[in-house]
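Below are the chains, spelled out letter by letter.
Protein chains: 2
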Amino acid sequence: MKFYTDCYACFVRQTINAARHAGCGEELQHTLINKVLGLLQSLEPGITPPEVARKVHGLIRQFSNNPDPYKQAKTQCTQAALALYDDMKALIQKSPDPLGTALRLSIAGNIIDLGISDEHEDLWHTVDRVLVQDYAVDHEAILRQALEKADHVLYLGDNAGETVFDRLLIEVLDKPVIYAVRGMPILNDAVMEDALEAGLDKVATLIDNGADAPGTILSLCKPEFVEIYNAAPVIIAKGQGNYETLNDAGPKVFCLLQVKCPVIERDMGASMGGIILRQSSPQ
Amino acid sequence: MKFYTDCYACFVRQTINAARHAGCGEELQHTLINKVLGLLQSLEPGITPPEVARKVHGLIRQFSNNPDPYKQAKTQCTQAALALYDDMKALIQKSPDPLGTALRLSIAGNIIDLGISDEHEDLWHTVDRVLVQDYAVDHEAILRQALEKADHVLYLGDNAGETVFDRLLIEVLDKPVIYAVRGMPILNDAVMEDALEAGLDKVATLIDNGADAPGTILSLCKPEFVEIYNAAPVIIAKGQGNYETLNDAGPKVFCLLQVKCPVIERDMGASMGGIILRQSSPQ
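These protein sequences, in sequence, are chains E and G. Under the numbering used here, the first residue of the first sequence carries the number 1, and numbering increases by one thereafter. Under the numbering used here, the first residue of the second sequence carries the number 1001, and numbering increases by one thereafter.
Careful: at least some of the hints might be erroneous.
Claimed, not checked - A partial selection of chain G residues facing chain E, derived with a Cβ cut-off under 10 Å:
hint	residue
1	Tyr1004
2	Arg1020
3	Gln1041
4	Ser1064
Derived by calculation from the structure, the hints in this document are not laboratory data. Positions of the beta carbon are idealized from the N, C-alpha and C atoms, including for glycine.
Let's have the full structure, built from the sequences with the hints guiding it.
Shown next as structure tokens:
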């Protein structure tokens, strides 16, 4: 997905927020913002928001000397989601359509996104909403068909905490799943440690993609991951960053997310809060 | 008031918004944002947000070739406020404390602020809220004493539409009022034409301050205005921009505003939506 003019303001806001998460004082915040203002003035044409994000947050990690500014926030999100695990599991078990319910729960978990805001709708309230909401984009039937034929699934994770919601979906899929996390800390995106905290190792084979982008940019990922990506018959790609990088990655990729920013709203023609289950366009 | 780190993101957002109001296409928006990013990188120490705003919006006017990007929006705001004039007038007339009610209405009108967002709380809902809300900063008694002794009042306007609420307060003051508008279009701040649309010429002597800042920066104002400013026994200064430039302008200045941004929230220790009637600190 392209870099819209609204993205500039969002990245400046993200810089300040991330710098605070990294523990930077006001003077260092000013310095960091100035670095990012310079970076934003020299964007290559056609760059996507997650490519900009890795540069922005790379600067923040470097200048703050903090390798994982969102570490504490991520743990809090994972713990908050784990506290709901049993109740969500019960919802799925008593559902007449466990897969449909688990897909919706997985999308509900995408509300956790500290790149958008440090505050989000109460998790259980989101669950209640997403369970009954109409899909804004609904390729669920195509995904179900693809899943039936697939011998395994590659699952691209997004944010820490959302991981717990992903775990519930994986438990319903009832086939081998490879769960990929980011290769390096970026925003509140899940890395290996966060996936382990969510208990994903109990239900999937874990791999990191080797990259530091809040999305999946294959040219930056490690060969081992790219091989798994290429071999996967079905890919479930969670969240906005994966949508921004894989929206035209072809029909084996299914993006599951909520619409949380005006740029996605415009790009997708769906309203804020809309729930999306979208098969990617042909490459 | 100083330029906080949060102000960077706000100015980038304002740039995009103002460029759209000015009718700029996406390519020109990118160009303009790049100009503003450069400007934000080279801020002089101690600069205030309204000083930055005049530079930012000067660039927008220049590159968009549109001398008043918010013209249409301003007229809409004035008309929306005028539609409530009779009902608000009636509220004041039946109030046991007309001055107190009119002061609150004037603060209610400060909800109209397109620098913050193109959308604001419904005007009448704001009136209902502000009429009963406790002041977050309450120097009303000191202002009343000052008004009793004053032979005239200088009233520094803020936004178009808010002008109508100001008119209602001026009608209650029952003494000569000089109402000052900005000298050039900046954001949705009222200029002479907007004050006339609001009917302020019926209740006050109108003057423009000669400057293009969304606040009152005396060093940029024309000598005639500075003379009036210096001679005024009491000054009512409306809105965030006037607060940001006159918060320490001395005890004859009273700032009336609503808290609408996190920077003001922090600077003032008042919550969002808080209503402020504050005597300025000593110079």
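Taking the hints in turn, this is what the structure says about them:
1. Tyr1004: Holds: closest Cβ of chain E sits about 8 Å from tyrosine 1004 of chain G, inside 10 Å.
2. Arg1020: With Cβ-Cβ at 9 Å, under 10 Å, it holds.
3. Gln1041: 5 Å, holds
4. Ser1064: 14 Å, violated
In this structure, only the earlier hint numbered 4 is contradicted, and the remaining ones agree with it.
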